[in-house]
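A.B. asks: One-letter residues, chain by chain:
2 protein chains.
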Amino acid sequence: MTDTPNGWPQGFHAWTGRIGLREESGDDLSLIASDRPCTSAAVFTRSLFAGASVLVNRRHAPVQQTRAVVTVAKNANVATGEQGERDAVEIAGLAGAAVGASPEQTLISSTGVIGRLLPMPAVRDALATAAQQWSEHRDASPLDVAAAMMTTDTRPKTSAATVGHARIVGVAKGVGMLEPDMATMLAYLTTDAEVPADLLDTALRTAVDATFNCLSVDSDTSTSDTVALLANGAAGPVDPDEFTAAVAAVCLDLTRQLASDGEGATKLIQVTVTDARDRAQAKRVAKAVVNSPLVKTAVHGADPNWGRVVMAVGKCMDDTDIDPGRVRVAFGGLEVYPQHAGDDQLALLTEVMKQPEVPITVTLGTGTAAVTVYGCDLSAEYVRINADYTT
Amino acid sequence: MTDTPNGWPQGFHAWTGRIGLREESGDDLSLIASDRPCTSAAVFTRSLFAGASVLVNRRHAPVQQTRAVVTVAKNANVATGEQGERDAVEIAGLAGAAVGASPEQTLISSTGVIGRLLPMPAVRDALATAAQQWSEHRDASPLDVAAAMMTTDTRPKTSAATVGHARIVGVAKGVGMLEPDMATMLAYLTTDAEVPADLLDTALRTAVDATFNCLSVDSDTSTSDTVALLANGAAGPVDPDEFTAAVAAVCLDLTRQLASDGEGATKLIQVTVTDARDRAQAKRVAKAVVNSPLVKTAVHGADPNWGRVVMAVGKCMDDTDIDPGRVRVAFGGLEVYPQHAGDDQLALLTEVMKQPEVPITVTLGTGTAAVTVYGCDLSAEYVRINADYTT
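Quick mapping for you: the protein sequence lines, in order, are chains V and F.
So the mapping is simple: our numbering equals the position in the first sequence, first residue as 1, plus 918.
So the mapping is simple: our numbering equals the position in the second sequence, first residue as 1, plus 918.
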């Protein structure tokens, strides 16, 4: 249902440029904007230390008319106090002006190191270039923008879907500090569908709940998580149900790309918990499994140590209705508990765990709810990347 | 206040032997027993998948007369169903008989791989040897027993303290799957103090709450956690307050040894949260920091990326009384937030983070409670150890 976008929906344009935050060459500043008014929806991190960009956006988001998005990569502008907030306000103003949007219509994101002030002279220079070039050179592709948003991502993430005469095009970034709560690191969806703001909001929240909020790379929640959906109506109205499904499909595709590219990841882990009391219980148990460092390292080494999955389920100590005697655990179609795996089965399990996607299913026997969450294995490379990130 | 034990308290003896679960040579079975009746206290894992040994112990612990402890290393006897429980009952019976204790007076522990039945013929042979040798060769030292309990531990953990004319001697093991809740992997304390069972219970629970329950290596809670304290009275009565303090000191010493020897660990991380609303909030925030993979990897690489500490505090999203404007963060005596660290300070911070013990202090400003928790850094070695544990 999703495909790779080779352009933006009608009326959307983009530009990328360089502040100089990225040590090596490469763009670290990006702008996406619609040439006509938009309805919009957005969700942000619930972190208590939400960044300055998120704080500024929260004041503008209720207007639901975002038509421009500016992103700074490699510096999160978080824990930077009042100066950081003044900087975010200034960037939103300059970026909006460059593309003909008011500050209230401009969403700002920043992602990278926490606790460093932005080099504002360089940021102002880059935004002045953007203003000069916007009318003639606003031809950056979704792939260009996704690349300019990257921090330790190894590849840009984009996805698209068609709904009626309209397109939905999304870009995302995020590899570590990735257990979103309300939204993931950064993901923007644009569409030329004509969608009322309330439907847009519902479609986005429904999709985020089942996709980005079911993603975890390392159980650390970012201070900058933002997902936004901008609709400019250029392609006319679409069927609401089809639109909602298409938004969910693009979010799921991006979520899976984010999980697969988790810092140091070599495999995607997909944990489905079924027969749970309610969705909250299913998600709690699924997250306990997908976040367990011992499950993650076993998957990394294709070590058929399935006992770690029951250990992780056992950590949900407040779910006292879970009875070990009714729990079932399977890898792919291969049940490992309570059926005791013989040596033949362990060899088969090793093969399942060597695949690029490892599906784990836990049947709780406490009800009928189900949730799937997405994560990745834990490798020595994750340690290497994060042991010297700022230095 | 603590020291290294060179023997057991009066009236306690020990023996170690080999079942053959440990691939390389080395003992994997141990027995500790008192030659006279004891009062006892014990706490166990809250895991929903508590192992067969824990299930059996829970039935006996309320009697508070444990005088013998038998430990099997390298196989946890967890997720092994009714057969596993029958095996645990049989081992407790045979081990107790070997040292002259009833099954109800015998505590059994097992630690290692989950989901494998014990090789009972070999276990029975080893326990028969124990029964033959107990009267003549019950001369294993605390260090011998701690070594026989090890799984991926790199060194045995022992600690002792003197209280009045009595001694308290403790042994422990645990390196991974180590975020105890109610108790740590395995820790046994013996004393020849004469202590009523209710004081023993209070002293143990108080100590465990501030020590083992404040320890986390990888946020994974074991299915086998057990802490027990046996008192045989051979040295007569002691001052209750001094006794309680001495038990806490031994537990803290063992906790610090466990954290330092966390799987792949190169450093101990000590996170103190002060000025919190209550102890629960302080512990929640401290655990969020000490368990953050991004904080752990930064400490590993001595990367002065202090922003990850505020990120981890920000994850405690239900603590809405925490105001980023009142939070303070320091490494050792070096404040890094809200004071913005210049390059000089970052260089100093790097030096602090290179030490074998890295102390992090978070001042919340929501009250007056404080808690210290203990953890370790995350290294590539943790991944290596756990990517091929069973194979």
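Misleading hints may appear alongside valid ones.
The list cannot tell twin chains apart, which means a pair is met if one copy fits it or any two copies do.
As the list claims (entries may be wrong) - Heads up, simulated SDA-like pairs for lysine to any residue below, C-alpha to C-alpha not over 25 Å straight-line: (1) K1272 with R1056; (2) K1272 with R936; (3) K1272 with R1034; (4) K1272 with R1174; (5) K1272 with G938; (6) K1272 with R1073; (7) K1272 with Q1188; (8) K1272 with T1162; (9) K1272 with D953; (10) K1272 with E1299; (11) K1272 with A1287; (12) K1272 with A1298; (13) K1272 with T922; (14) K1272 with V1031; (15) K1272 with G1154; (16) K1272 with R1302; (17) K1272 with G1250; (18) K1272 with I1303.
Derived from the structure by calculation, the hints contain no laboratory data.
A.B. asks: Confirm or reject each hint.
C.D. replies: To see whether the hints hold, each was checked on the structure:
1. K1272 with R1056: neither (44 Å within a copy, 48 Å between copies)
2. K1272 with R936: Result: close neither inside a copy nor across copies, 40 Å intra and 35 Å inter.
3. K1272 with R1034: between (41 Å within a copy, 22 Å between copies)
4. K1272 with R1174: within (18 Å within a copy, 37 Å between copies)
5. K1272 with G938: neither (40 Å within a copy, 30 Å between copies)
6. K1272 with R1073: within (22 Å within a copy, 33 Å between copies)
7. K1272 with Q1188: Within. Shortest intra-copy distance 14 Å satisfies the 25 Å Cα cut-off; inter-copy 37 Å does not.
8. K1272 with T1162: Neither: 35 Å inside a copy, 51 Å across copies.
9. K1272 with D953: Answer is neither; intra-copy 48 Å and inter-copy 53 Å both fail.
10. K1272 with E1299: both (18 Å within a copy, 21 Å between copies)
11. K1272 with A1287: neither (29 Å within a copy, 48 Å between copies)
12. K1272 with A1298: Both: 17 Å inside a copy, 20 Å across copies.
13. K1272 with T922: Answer is neither; intra-copy 27 Å and inter-copy 46 Å both fail.
14. K1272 with V1031: between (34 Å within a copy, 21 Å between copies)
15. K1272 with G1154: So K1272 and G1154 fail the 25 Å test inside a copy (46 Å) and across (60 Å) alike.
16. K1272 with R1302: Answer is both; intra-copy 22 Å and inter-copy 16 Å each pass.
17. K1272 with G1250: within (12 Å within a copy, 44 Å between copies)
18. K1272 with I1303: both (23 Å within a copy, 18 Å between copies)
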